[in-house]
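Student: If you read the protein sequences in the order shown, they are chains A and B.
Numbering of the first sequence is given in our numbering, commencing with residue 1 and proceeding in unit increments.
Numbering of the second sequence is given in our numbering, commencing with residue 1 and proceeding in unit increments.
In case anyone wonders, no lab produced these hints; they're calculated from the structure.
Quick caveat: nothing in here was measured; it's all calculated off a predicted structure.
Note that CB positions come from ideal geometry on N, CA and C, so glycine has one too.
Check before you lean on any hint, since a few could be wrong.
As the list claims (entries may be wrong) - Which bits of chain B does chain A cover? Going by a derived footprint, with three or more residues having C-beta under 8 Å, they are: (1) 56-65; (2) 155-162; (3) 228-242.
Claimed, not checked - Not the full set, but computed from the structure, chain A residues with beta-carbon under 8 Å of chain B: (4) Ala261; (5) Leu299; (6) Phe416.
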Amino acid sequence: MVATFTRPGWYRAALCTVLAAAFGVGLVVLLRSISGLPAFQSEQTGYPQVVVPLILAPLGFLLGIGCFDYWLRWGVGARTIPEDHSSHGAYSWKDYFKVNTDHKVIGVQYVVTSFVFFLIGGLIAMLIRAELAQPGTQIVGAGTFNGLFSTHAVLMIFVFIIPMFAGMANYVLPLMIGAPDMAFPRLNALSYWMLPLAGIMFLASFLAPGGAFDAGWTGYAPLSTGAPLGQSFFNIGVQFAGFSSIFTALNFLVTIITMRAPGMTFWRMPLLVWANLSTSLLVVAATPFISGAQFMVLLDRVLHTNFFQFGAGGDVISYQHIFWFYSHPAVYIMILPGFGIISEVISVHARKPIFGYRLMALALIGIVVLSYSVWAHHMFVAGMFSWLRVPMMLTTLLIAVPTGIKIFSWLGTLYFGKIHTKSTAMLFALAMIVTFTIGGISGVMLGMVPFDIHVSDTYFIVAHIHFVLFGGSVFTIFAGLYHWFPKMTGRMYDERLGRIHFWGTLIGTWGTFIPMHWVGMDGMPRRVADYAAQFGNWNLMISCFAFLLGAVQLIFVYNMIVSWRFGPKAPANPWGGKSIEWLVSSPPPVFNFDEIPRVVGGPYEYGIPGARHAIMPGEGAEIPVTRETVVGS
Amino acid sequence: MFTNRLPIAKLAGAVVALAAVISAVMLSINWDGAEDSTAAPKIDNLLNIMIVLSSIVFAIVVVALAYALIAFRAKPGDESDGEPIHGNTRLEIAWTLIPTIIVLFSGGWSWKVLNEIEETDPNHMTVSVFSQQYAWSFGYPGKEYAYSQGVLHVPVNRQIVFKMHSQDVIHSFWVPQWRIKKDNVPGITTTAVVTPTKTGTYQLICTELCGFGHASMRAKVIVQSQSAFDKWVEGLKEKVPPDLMVSVKQDTETNPEPLERAVAE
Ligand code: HEM
Ligand SMILES: [Cu+2]
Ligand SMILES: [Cu+2]
């Protein structure tokens, strides 16, 4: 009985969560009564008796589930076994619900968890489109509507796209560079376990008095500093999502820099590795800014620090500068890993070396550098210093150049290749090239200040962000999931269902988001529950395509679940890839490699007789690197 | 060189044809609606330039992809690799430099348009805009701060300099037919410059999320002849109330450019 609650696991987690929350409430009551204040305070921005437990309870959970056990034991001088592998690798499905230090298990945990948040965020989107199908308010009131689009965006950005990429890279990146695991496996586990907490916190805000946070994902002050309690759930949830990303980024940086297999120079790294190196550089330097911004909002709300309080010495616009100093780099955090995925998928399925590999890597670095110098393009009409607009416009437009280099190089890669479109992964990759180009073009248009003055904060923005985030990031996520599904699960998925999912998603994306450009330019603002009757027909059409887009995702879910369970066994290298993850079995052994492979050439040496990227010690060398026909699919 | 093995002329022809068709269709559509200020045709012109440039870029991508899919599809059963081409320095330089030139050209043009639409005319009229959850009101400093709520009147063909103030959260001032938008930020005075060119009735739309009433935060805008405007202002009985005057006096002008420069010259 006692052991149930002392062993790391769900029972101890539940106990610690409750204890930490109770401690939080107690602390607030104690401090307030010492100060001669009433025990509880229910101003809408205050509620310290909720805010403090909200910070402590997740920490209690992390402690209970076992994220800190090793460090704590070490810290108090108890016996620790550095080479203890008892929580490494998954031997039954139950192991996925425990703290695990295997990067492959953590990768799967990440992917599945963030996909669940994608489905929840998608359901909310369906509600939003149902409301917008007709002018007037039918389904939800204006206040609830604001909560819906805010939680939709926050779930999609903070607990779907960003961690989904982190999860996929977690799985494949160590394999790709020939490392036995990530550099800091326990930190990796901690990063993962903060993710569901952040998502649950965002969703739990619906239960708060006053409803979910409703100031948009941008949470501009002073709307956010004066908003009901739900906003504090957002402020705190972002801390957990943010720390999760920062720790993962540090982990990737150290892993990539120090754990590459012998022979893998920087110029022999697959582009997915370059992409995650660049992304991690963005995350470690930019993410602290959003944590800071949300912390300042929380302090303004609860402790009246007045950072952003006009008339009390605060400055309203400074919130936007701090927020976008993170959130512009964040849009690249949400696409660079996808660029890496597309490079892998295209070269493998076109049987061609990446065209201009070095320029591709340099373009990533160029984007990282430039993306710190463009944040104010989100503020062209915000009333900041007007002279700042022109330099920010020029850097914004220049960032399209490295982005263009990526597009042209992918196209170049296809030429004189042997393009296989059998795999759904390749279909998504090819579609992403065109769809993302449209998002890039609208981005350049938005970068031009006079045009942006007209369309800023209209549906044109909604169109742009969905072309880059759905047509860009989400398409790359699907490409990657299909591409590495055999590796991750050891099973093949059903290509026919994949194709239906692909065409449905493509048509749904274009049908939903293309018309939004027009309604925006024609006068429909964003973030409204109700709109002028003249936009009625367009919105009805948009909603219909949106429902199609939502419905076909169920096909994907069905395909993944059924194939994972019953799909034909996957060979080690179903696509004939050259990078190291394809040289180990599907799924890979618990410790990845018995002996570390040796890298002897570039990652994309297709068409060169006898060329190898890596040599596996011993028997692995026999694994063929040409395309295998998959038995039974 | 391997590019000699591609039907360059045909591909270029396809790009030109596709770009021409897309541009022609897109240019024939009036995307932004009526052009009722001096800024509107300039911004729409910029949009048209972008439509042409974007059509070319889009056509290049689509034609390049389509041709690759037609010409380099693997035959069924062909499990061999493609040719080991690793890149081509000249092509890579080209697709770095040409887009750079295109975007810098767009940037230069935008800069020019920006200066034009924000240039102040010495004969301008100043109007104060006040916003609060979820209503607009207006003051006319040239007319002893006469005050109107929910409806803005301005004379046609005269430059109006709007000085904006918010009393609570951020709101944003947008009249789509004028193409001009500016946030109203609590604590500071923001500025927008508009010269309406047509008389008529418009809607002023709030475009910055400001709470549950955001979608319905609208005001009526009436553009009329100078004489009709003067008569209307004469008829206003109210003056801007003292609490709003506080923000006129105290909001800091964080944005001295370009108006101050124009005054100084
Ligand atoms: C060619 C590259 C790009 C350029 C030049 C560009 C430019 C811009 C500009 C100027 C805005 C601000 C518009 C406004 O609010 O008035 C904007 C908004 C936005 N962009 Fe991009 N963009 C590019 C690519 C991307 C990518 C790759 C992503 C994400 C994957 C992205 C995501 C967003 C988002 C989420 C917003 C809206 C933020 C909000 O207000 O909620 N953009 N973009
Ligand atoms: Cu941006
Ligand atoms: Cu509003």
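Student: If a hint holds in the structure, say so; if it does not, say that too.
Tutor: Consistency of the hints with the structure:
Counting residues of the region 56-65 of chain B whose CB lies closer than 8 Å to any CB of chain A gives 6, which reaches the minimum of 3, so the coverage claim holds. Counting residues of the region 155-162 of chain B whose CB lies closer than 8 Å to any CB of chain A gives 0, so the stated coverage by that chain is violated, three being the minimum. Counting residues of the region 228-242 of chain B whose C-beta lies closer than 8 Å to any C-beta of chain A gives 0; at least three are required, and the coverage claim is violated. Residue-level restraint check for A:Ala261 is violated (minimum Cβ-Cβ distance to chain B is 22 Å; threshold 8 Å).
For the restraint placing A:Leu299 at the interface with chain B, the shortest Cβ-Cβ distance is roughly 19 Å, beyond the 8 Å limit, so the hint is violated. Checking A:Phe416 against chain B: minimum C-beta separation of about 4 Å stays under 8 Å; hint holds.
Of the numbered hints stated above, those contradicted by the structure are hints 2, 3, 4, 5, listed in ascending order.
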